[in-house]
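There are 2 protein chains.
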Amino acid sequence: MSARFADRLIEGVRQKNSPLCVGLDPIPDRIPVIFGQSGSIAALEGFCQAVVEIAPRHAAILKPQLGFFEPFGPEGTRIAMAACAAAQSRAMLVLLDAKRGDIGTTAEGYARATLGPAPGFSADCVTVNPYLGRDSLEPFLAAAERDDKGVAVLVRTSNPGARDLQDLLVDGAPLWRRVAEMIAPQSDRLKGNSGWSGLMAVAGATYPEEARALREALPHALFLVPGYGAQGASARDAVAGFARGKNGLEGGVVSSSRAVLYPQAAQAATSLADWRVGIDAAMAQAAAELREACAA
Amino acid sequence: MSARFADRLIEGVRQKNSPLCVGLDPIPDRIPVIFGQSGSIAALEGFCQAVVEIAPRHAAILKPQLGFFEPFGPEGTRIAMAACAAAQSRAMLVLLDAKRGDIGTTAEGYARATLGPAPGFSADCVTVNPYLGRDSLEPFLAAAERDDKGVAVLVRTSNPGARDLQDLLVDGAPLWRRVAEMIAPQSDRLKGNSGWSGLMAVAGATYPEEARALREALPHALFLVPGYGAQGASARDAVAGFARGKNGLEGGVVSSSRAVLYPQAAQAATSLADWRVGIDAAMAQAAAELREACAA
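Chains A and B, in that order, give the protein sequences. When we follow our numbering, the leftmost residue of the first sequence carries the number 1, and every step to the right adds one. When we follow our numbering, the leftmost residue of the second sequence carries the number 1001, and every step to the right adds one.
This is chain A alone, in the form it adopts within the complex (with noise of 0.2 Å):
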């Protein structure tokens, strides 16, 4: 683990020919009776494994939504904690989607608990709200410089709810806006030998043309992108904040999780076989309209 975060993300991206972030989003009531009885732990636990054994053919990260993992309790932590291990056993990046944000000692511990080594999750990256200000991303940012992983901070969502704040105008400039610029002096600190730095932004995918203004913002970030699929955005609105490198475009991931987790085809298998089939077309196809998006 000697590369830089931003470096193993965009190598990983490459070696896929695709930016495919697959979103871990267990969520109770879709996950299929084969895994086991609906809303139980061992559903939770049978249908994560299973998701992580497919998801490397296809994506270079898997991005871990905690809200489904924690109403299970100090169980369904573990079995997060299983499903990032296993998929870094399996050469996957993990983008663990916890969204914290605090201040001096308490985003410490957030960022032990999230980036640092057992008991913490020892994922690759974190995503942290930015409300608190500078000094509540210090200690993910000094922790991520330390250790060679990422920081992803929330600067406009994918949610209908994003325009209530984000959106709001500051001296005629949007609030995420204002954030970008908040973060842009320490995206240097996280940058890697491609050029990318690890200091990500999450930019949703439902509004591309802020991306591109985003990208301006922030030339070097890596952007997380979510919203894709399930929520409506097309591949090519998705990566509207990538810049044009000398293989197509480039610089940052895109999440899909319940078009590739919840495919009618997988939904209506009744064997675990025929489950594996499904995902991994849903997989194999997000995947590749991601691809083609990149290289128009």
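Possibly wrong hints are sitting among the right ones.
Over the 10 Å line for every Cβ pair with chain B, so calculated as not near, a few chain A residues [claimed, not checked]: (1) ASN17; (2) ARG78; (3) GLY109; (4) PRO130; (5) ARG178; (6) GLN186.
Residues from chain A shown here face chain B by an in silico Cβ test under 7 Å; the list is partial [stated by the list, open to error]: (7) VAL33; (8) GLU70; (9) THR106; (10) ARG112; (11) ASN129; (12) SER136; (13) GLY161; (14) ALA162; (15) MET182.
No lab work stands behind these hints, which were simulated from the structure alone. Using N, Cα and C, we set each Cβ at its ideal position, and we do this for glycine too.
Take the given structure of chain A and dock chain B to it, following the hints.
Just chain B now, kept in the frame of chain A:
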């Protein structure tokens, strides 16, 4: 648990005759060695149990800070849950300081994990981050409305970095004021017979003028005031946003962590009995200072 959270909290504050909220921040290297080896899970557990035995004498509510438990992994979460249960069994309310913030089904998951019954935390109230907008708060509000719980929204925090975004001017008023206006229409959903609402606002004690302005924007919100004690605000500053009732100032709780958990007298204790005396005195003093500030 038929009474609304706001009524239970204000009633508890009246019974203790003090708005003290004990912040449970178990900082590994400050936990006295009488509880076990520094940084050990045994020390964490013993310390939290001992604090929870004393806190109900002086405070109506306990605020465990999850960022100090999560670095210990699932076992840390289990100890945090045990501390919450122990506090509630001693008739304290629990405000879980988790600062969660996410959208849709993810936010529902966090609401269930924090406010919901086992394997959730069964907390009475939880801190949430507003950056993602109204739809990110809604699942917490819905859960709180249904189960007589509270939601404490970060409005203006007490750290230096709060200036970076929260104080930016939007049409002449700071962003935190827009956050207050955004949540104000929901206040009545968590309002109790006391007239106070369990849709709480986190209002840093280091900015008393702002606390008064925030009170105008949110006349019925109970305030959670952090930053008292170690962070340098006076008791009088801390209650600056409270309202005048027939028995003095009321309308929120004031959190103290380090001053009541790590007073010099207790840090030097060589026996558990001596430590207890030191902690009891520190909590009594904090409660009295706040009592006097409210009576003045």
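Against the structure, the hints come out as follows:
Residue placement check: ASN17 of chain A keeps its beta carbon more than 10 Å from all beta carbons of chain B (closest about 30 Å). Taking the minimum C-beta to C-beta distance to chain B, about 5 Å, the non-interface status of ARG78 of chain A is violated against the 10 Å cut. Non-interface call for GLY109 of chain A relative to chain B: violated, since the shortest CB-CB distance, roughly 4 Å, does not exceed 10 Å. Against chain B, the non-interface label of PRO130 of chain A is violated: not every CB pair exceeds 10 Å, the least being about 7 Å.
For ARG178 of chain A, the non-interface assignment is contradicted: its Cβ lies about 6 Å from the closest Cβ of chain B, within the 10 Å cut-off. The claim that GLN186 of chain A lies off the interface holds: its Cβ sits roughly 12 Å from the closest Cβ of chain B, which is beyond the 10 Å cut-off. Residue-level restraint check for VAL33 of chain A is violated (minimum Cβ-Cβ distance to chain B is 19 Å; threshold 7 Å). With a cut of 7 Å, the hint placing GLU70 of chain A at the interface with chain B holds, because the nearest CB-to-CB distance is about 4 Å.
Given hint, THR106 of chain A at the interface with chain B, holds; its Cβ is 4 Å from that chain's nearest Cβ, closer than 7 Å. A cut of 7 Å between beta carbons decides the hint on ARG112 of chain A: the least distance to chain B is about 4 Å, and the hint holds. Look at ASN129 of chain A: its Cβ gets to within about 5 Å of chain B, closer than 7 Å, so that hint holds up. For SER136 of chain A, the shortest C-beta to C-beta distance to chain B is roughly 6 Å, which falls under 7 Å, so the interface hint holds.
Taking 7 Å as the C-beta cut-off, the interface hint given for GLY161 of chain A holds, the closest approach to chain B being about 3 Å. A cut of 7 Å between beta carbons decides the hint on ALA162 of chain A: the least distance to chain B is about 6 Å, and the hint holds. Annotation: interface hint on MET182 of chain A holds; nearest CB of chain B at approximately 6 Å, less than 7 Å.
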